[in-house]
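J.: Sequence:
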Amino acid sequence: MVTSGVGSPLDDSSLAFYTIGQVAEILGVQPAALRRIEDQGLIHPDRSGGGQRRYSRNEVDRLREVLTLTDEGVTLAGVRHVLELRQRVTDLEDELAQAREHSDD
DNA sequence: TTTCTCACA
DNA sequence: TGTGAGCA
Numbered sequence: 001m002v003t004s005g006v007g008s009p010l011d012d013s014s015l016a017f018y019t020i021g022q023v024a025e026i027l028g029v030q031p032a033a034l035r036r037i038e039d040q041g042l043i044h045p046d047r048s049g050g051g052q053r054r055y056s057r058n059e060v061d062r063l064r065e066v067l068t069l070t071d072e073g074v075t076l077a078g079v080r081h082v083l084e085l086r087q088r089v090t091d092l093e094d095e096l097a098q099a100r101e102h103s104d105d
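Heads up, the final residue of the first sequence is numbered 105 in full-length UniProt numbering, and it's a clean run with no missing numbers.
The reader is advised that the hints may include incorrect statements.
[Said to hold, decoys possible] Here are the in silico distance ranges between beta carbons for each label pair:
| no. | residue 1 | residue 2 | range |
| --- | --- | --- | --- |
| 1 | Asp105 | Gly49 | 55 to 61 Å |
| 2 | Gln22 | Glu84 | 23 to 29 Å |
| 3 | Gly28 | Asn58 | 18 to 24 Å |
| 4 | His44 | Leu85 | 15 to 21 Å |
| 5 | Gly49 | Glu101 | 43 to 49 Å |
| 6 | Gln30 | Glu95 | 46 to 52 Å |
| 7 | Gly73 | Gly41 | 18 to 24 Å |
| 8 | Gln98 | Arg47 | 35 to 41 Å |
| 9 | Arg35 | Glu72 | 31 to 37 Å |
Quick caveat, the hints were computed from the structure, so don't treat them as lab data. Keep in mind that this is a model prediction, so the values were computed, not measured. Positions of the beta carbon are idealized from the N, C-alpha and C atoms, including for glycine.
Generate coordinates for the entire structure from the input sequences, incorporating the hints supplied.
T.: The structure is reproduced here in structure tokens:
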């Protein structure tokens, strides 16, 4: 089969770390921009080696959303609120789904 | 060579 | 936000 590529133990979105340089090239931004984003508390990459940032796939994916919003003119502080509200919506949707299970008899 | 922090414009 | 200095 040629189904290789999917299902690998390294396909975890929490694994596969990238350096700031790799992420910057992938997203087409300056490494300094990624540091600003972290400074604003929009993302928290792990540190390893001599204190160097290690971005996981989750981080890169989150960074994509952040850059999309900033490209629209949203400030980093604004993006943080957007991400917080988005998570709140997801949380409330989950609560709503559970509430329906206990009331729709 | 790359990345780090700090600082300046 | 971009760039440079000095360090590990």
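J.: When you take the CB atoms of Gln22 and Glu84, is the distance between them in 23 to 29 Å?
T.: Because 27 Å falls inside the window, the suggested range holds.
J.: A range of 15 to 21 Å was offered for this pair. Does it hold for the Cβ distance of His44 and Leu85?
T.: holds (19 Å)
J.: Return holds or violated for the Cβ distance of Gly73 and Gly41 against the range 18 to 24 Å.
T.: holds (20 Å)
J.: Return holds or violated for the Cβ distance of Gln30 and Glu95 against the range 46 to 52 Å.
T.: violated (40 Å)
J.: Is 31 to 37 Å a correct range for the gap between the Cβ atoms of Arg35 and Glu72?
T.: violated (21 Å)
J.: Given the hint of 43 to 49 Å, is the C-beta distance from Gly49 to Glu101 inside that range or not?
T.: holds (47 Å)
J.: Lying within 55 to 61 Å: is that true of the beta-carbon distance Asp105 to Gly49?
T.: Given a distance of about 57 Å, which is inside 55 to 61 Å, the answer is holds.
J.: Taking the beta carbons of Gly28 and Asn58, is their distance inside 18 to 24 Å?
T.: Holds - the Cβ-Cβ distance for Gly28 and Asn58, about 19 Å, lies within 18 to 24 Å.
J.: Does the Cβ-Cβ separation between Gln98 and Arg47 fall within 35 to 41 Å?
T.: holds (37 Å)
Hint check: violations occur at hints 6 and 9; the rest are consistent with the structure.
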